[in-house]
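Student: Here are the chains, one letter per residue:
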Amino acid sequence: MIGKIVKTSVAVLIGASVAYAGSFNTQAEKDRQALVKYMEKKFSDPAKNKQFFPYATPEDFKNLRKGVKFEEFRLGSYAYDKIGRAQYNDINEMPPYEDNIDAGEELYNKTKGIKQCFPDPAIAGEYPKFDDKKGKVVTLSVAIDDCLKANGQKPWKLTKGKMADLEAYFAHMSKEAGKKVHITIPSKAAAAAYERGKKNYYSQRGYLKLSCATCHVQGSGNRVRREFLSPLLGHTTHFPVYRLKWQGLGTLERRIKGCEKNQGENPHKPGGQWMSDMLYFMAYMSNGLPVDGPDIRK
Amino acid sequence: MQKMKLFLAATATVGLMSVNAVAGNADLVKEGEKIFNTKKIGNCLACHAVNGKKINNPGNLGPKLQGLSAWPEQALYDKIYNPYTTNPISAMPPFGLNGVLDDHQIKAVVAYLKTVK
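Taken in order, these protein sequences are the chains called U and H. Per our numbering, residue 1 is the first one in the first sequence, and the count goes up by one each step. Per our numbering, residue 1 is the first one in the second sequence, and the count goes up by one each step.
Accuracy of the hints is not assured; some may be wrong.
As the list claims (entries may be wrong) - Taking lysine-lysine pairs in the DSS-like style, the calculated list, with each CA pair at most 30 angstroms apart, reads: (1) U:Lys-62 x H:Lys-64; (2) H:Lys-39 x U:Lys-50; (3) H:Lys-64 x U:Lys-298; (4) U:Lys-48 x H:Lys-64; (5) H:Lys-40 x U:Lys-199; (6) U:Lys-41 x H:Lys-64; (7) H:Lys-107 x H:Lys-30; (8) U:Lys-82 x H:Lys-54; (9) U:Lys-62 x H:Lys-117; (10) H:Lys-64 x U:Lys-50; (11) H:Lys-34 x U:Lys-257; (12) H:Lys-40 x U:Lys-298; (13) H:Lys-34 x U:Lys-261; (14) H:Lys-39 x U:Lys-62; (15) H:Lys-40 x U:Lys-245; (16) U:Lys-62 x H:Lys-54; (17) U:Lys-261 x H:Lys-39.
Hints in this document: simulated from the structure, not taken from any laboratory.
Please construct the entire structure, taking both the sequences and the accompanying hints into account.
Tutor: Shown next as structure tokens:
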């Protein structure tokens, strides 16, 4: 009898703590579901949903795929841009990032402390994380550098090189293990970081007064010149990416820097609060999507 | 005879002025077209196609520009200077307000847009 009471109490306590932990992400979950609903509706049938593509040409509608499924948003604009998807498939027959995964594996095995800090390498979908002890968002790049520093080593550049290689290995292992993006909001401070990140994403900034959302929520599926803009949903799933423009691999931090420049703004510091908060928001939006890195983008 | 001379002189002067004006305007139109199509300056083609003009892969984030020759110059100028005054939720950058283009450059773009049927 006593055993039963203990068991029940434990179950209730666990249930309560789960519900309590869940409460910090109430708003984030509402936002995420609204975004998924918006994107699924928009790309269910672009030609029928012309309100989302007010200036698209008949050729554009021919090129936009119908019935894009939730999981496909990990592919960015290739989820709906038929021509882009065909080119992407062609390049992916001989992925240019395979050497980077090998280099990353070597770094994982040989760099002092890395294996101890990250015993399971299939963790790409869990970052950025909110670290309650530090009271801040920690991206995967920052976590790797923190580990290096804790082991008396010089930190790596957050944007490319060794950092991108090691992240390519982490992403590859996560993808192989069938991992999904799983960002948690464990505390009130984490929820506040999420809200700051959301504000950063939706605020008009720079001399062009564009927000990220102008192009990647409202503008997704529309074109700047001949490039179809990618959606916020799925943006963080496939990093690090090998960009044809870079002729090499880059981290999320590197991509955001480039994006901010295009937007007409002085880029924020990789690893700084502004960028990390925003990446936290962006990654949360992709919760539930498969980890799909490393991958290729134009 | 004196009157005739004066008339001829006046006609010549007016003629010359209008030729100058046309030549000046043609230069301005050309300059505006360059600003419109150059990434590091106006980069208008990133979002806008233009009716009757050959534009290299224009985007579709903004509307295809047409019938602008019927717009008053001031309305075109204001739209480029700060589009939020007429459309507060416009995605278009305020090219004048934030100093992306200066007064002369905006006037050049306006001259170009006035040729859009």
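Student: Now tell me if each hint is right for this structure.
Tutor: Evaluated hints:
no., hint, in the structure
1, U:Lys-62 x H:Lys-64, "18 angstroms, holds"
2, H:Lys-39 x U:Lys-50, "28 angstroms, holds"
3, H:Lys-64 x U:Lys-298, "26 angstroms, holds"
4, U:Lys-48 x H:Lys-64, "20 angstroms, holds"
5, H:Lys-40 x U:Lys-199, "28 angstroms, holds"
6, U:Lys-41 x H:Lys-64, "25 angstroms, holds"
7, H:Lys-107 x H:Lys-30, "12 angstroms, holds"
8, U:Lys-82 x H:Lys-54, "25 angstroms, holds"
9, U:Lys-62 x H:Lys-117, "27 angstroms, holds"
10, H:Lys-64 x U:Lys-50, "15 angstroms, holds"
11, H:Lys-34 x U:Lys-257, "28 angstroms, holds"
12, H:Lys-40 x U:Lys-298, "20 angstroms, holds"
13, H:Lys-34 x U:Lys-261, "22 angstroms, holds"
14, H:Lys-39 x U:Lys-62, "27 angstroms, holds"
15, H:Lys-40 x U:Lys-245, "18 angstroms, holds"
16, U:Lys-62 x H:Lys-54, "22 angstroms, holds"
17, U:Lys-261 x H:Lys-39, "13 angstroms, holds"
When each numbered hint is compared with the structure, no violation occurs for any of them.
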